[in-house]
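A.B. asks: Chain residues, written in single-letter form:
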Amino acid sequence: MRTLGTRRTVTVLMVLAISLTAVPAHAKCKFNVDTIHSRTGEKVLWTKWDTFTTVIIGGTVVGAGVSIGDMKYFALRVDQGSGDGELVIPENGRLLILMDDESILELHTEEEVIGDRDPWHVVEAVVKFPLDADTLNALLTKRIMNIRLQTNGGDKDYKFGKKGAKKMQKVLACI
Amino acid sequence: MKKLAFSIIAAFLLPSLTQAQAAECTYEPETVNPSTNAKIISTAWEFINQPDELGFGPGTKISPVQAISDGGTIFLAFKHGVTHYHAIPPEFEIVLEESDYKKKTGKFDLRLKPFVANLENRPYVIAKGSALRITLEDRTNLLLYSIEDFAYPATVTMPQWEDNERPDYRVTYSEVMARYVLDDDAIALLSNNRVVALRQALPDEDRYFGRRNLIWDDKIITKKSMTTIQGALKCVL
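Which chain is which? The protein sequence lines are G and V, in order.
At position 40 of the first sequence the residue is numbered 39 (numbering that gives the first Met the number 0), and the sequence of numbers has no breaks.
At position 142 of the second sequence the residue is numbered 141 (numbering that gives the first Met the number 0), and the sequence of numbers has no breaks.
One chain only, chain G, in its complex shape (with noise of 0.2 Å):
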C-alpha cells in the first residue's frame, strides 16, 4: 500500500513538473487585441507592439504580430512629424527587409494607409503586411538587419539591432 501511495506521488509530481515545464511559447506572448472578426467571425490577435530598431538610420520603428482566422501579418507602426506632410503607405506598398544571409524578403500591403495625426501634431501609420509560410519561416529563423518601407515621401529606412531582431522574432512566434 505504501508503495503504490508513493508510486501515485511520484506520478502526480512528474504531471506537475512536466506540465510546469512544458509551457507553450505563446503562454509568454501578451496581446493588445484579442477578439472575433466583427464581420467574419473569426479569430483575430493583435500581439502588444515592440519596439524593434536602434536610432541609427531612421527614426524607430514599432512592430506587431497579427493572426486574423488561418492569415498571419507582420504590422509595422511608423511615425513622422506633421511638418513632413502625410504619411500614406500606398496599396500594395512594399516592405523590404534585408536578412543576415543577404537575402531579401519583399512583402506587400493589402490597402492604402493613411496616417492618423496625433493631438501632438505626429503621424502615425499602421500597416500590416501578410505572411506566407516561406517568410514567417524565414523571419523566424533569420536575422533581420535592415528594413526598407515605400511610402508617399519616398522609402524609409531602419535598421533593427541584435535585441530588436529577436524581440521581433519572439513577437512572430506569437502568432
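Rather than coming from a laboratory, the hints here were simulated on the basis of the structure.
Don't take each hint at face value.
To be verified - Restraint-style ranges between C-beta atoms, simulated for each label pair:
| # | chain 1 | residue 1 | chain 2 | residue 2 | range |
| --- | --- | --- | --- | --- | --- |
| 1 | G | 29 | V | 139 | 20 to 26 Å |
| 2 | V | 142 | G | 68 | 21 to 27 Å |
| 3 | V | 45 | G | 95 | 46 to 52 Å |
| 4 | V | 128 | G | 133 | 53 to 59 Å |
| 5 | V | 32 | G | 133 | 54 to 60 Å |
| 6 | V | 45 | G | 38 | 25 to 31 Å |
| 7 | V | 139 | G | 91 | 36 to 42 Å |
| 8 | V | 27 | G | 38 | 31 to 37 Å |
Ideal placement from N, C-alpha and C gives every residue a C-beta, glycine not left out.
Position chain V relative to chain G; hints supplied.
C.D. replies: Structure of chain V alone, referenced to chain G:
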C-alpha cells in the same frame, strides 16, 4: 408552487426592468421632418471619453454623440472638435489693457473681441458625403457618411487673454456637428462590437503658415463611451 412564485416575480420584475431601461433614454424635444412629415426622435447629446492614458487628464470629454431616428432612418451625430493655429488678421484691432497680469509680469494682455465674428465667417464645413472612420475592436473600419454639408462652427471657444510675445498668433478650439446615416449593417456592427477610435477629416486653414490642409479629428474612446454610443442607438431603434 415554484412556477407560480417565478411567474409572480417575473410579472412584477420584468416590466420594472423594461421601465428602468427606457428611463435611461433621454430625448431632445420631438420634431417633424418638414419635407416628409416624419417624426424625428433625437437622444440628448452625451459625451464620450478618451482614456486617461492619453494625457489629457481623467475623463476628458470629447465628441458628444446623439442618435436620431428620422421616420425610421437611423443617424448618429457627432460634434467634432478641432484646434486651429492661426495668425490674427490685420483688420482686427488688438486691444492692450492694463491689468493685474501686467503689474505682475510687466506684459500687456491682448484682447481680441472681433475675432469670434471672424471665425463665424470662415468656410469650414464637413462636406456632404465625407466619411467618419470608425475603428472597431478587431481593428477593422466602418465608414459612415455625412448626409449634408455642416457648416463651421457649432460652438467656438477661444482664450480671451494671451501674453504679448506672439501677438500675431493664436490658438482656438472649435466644434462642428455632423450627422451620419446608418444602414442595417452599420447598426448591427455598432450594436455588437466595441468602437475603439473615431476619425473625421476636417478642413483647416492655417493663416500663420499660409496654407490650407486637412487635419484629422482623432478620438480614441473608452469602453464606457462605447456603452454611450450603443445606448444612444438602442434608444431610437
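A.B. asks: Run every hint past the structure and note whether it holds.
C.D. replies: Hints, verified against the model:
1. 29(G) <-> 139(V): 20 to 26 Å: holds, 21 Å
2. 142(V) <-> 68(G): 21 to 27 Å: The hinted range 21 to 27 Å holds for residue 142(V) and residue 68(G), with Cβ atoms some 23 Å apart.
3. 45(V) <-> 95(G): 46 to 52 Å: holds, 48 Å
4. 128(V) <-> 133(G): 53 to 59 Å: Violated: the Cβ-Cβ distance is about 43 Å, outside 53 to 59 Å.
5. 32(V) <-> 133(G): 54 to 60 Å: holds, 59 Å
6. 45(V) <-> 38(G): 25 to 31 Å: holds, 27 Å
7. 139(V) <-> 91(G): 36 to 42 Å: violated, 19 Å
8. 27(V) <-> 38(G): 31 to 37 Å: holds, 33 Å
Hint compliance for this structure: hints 4, 7 are not met, and every other hint is.
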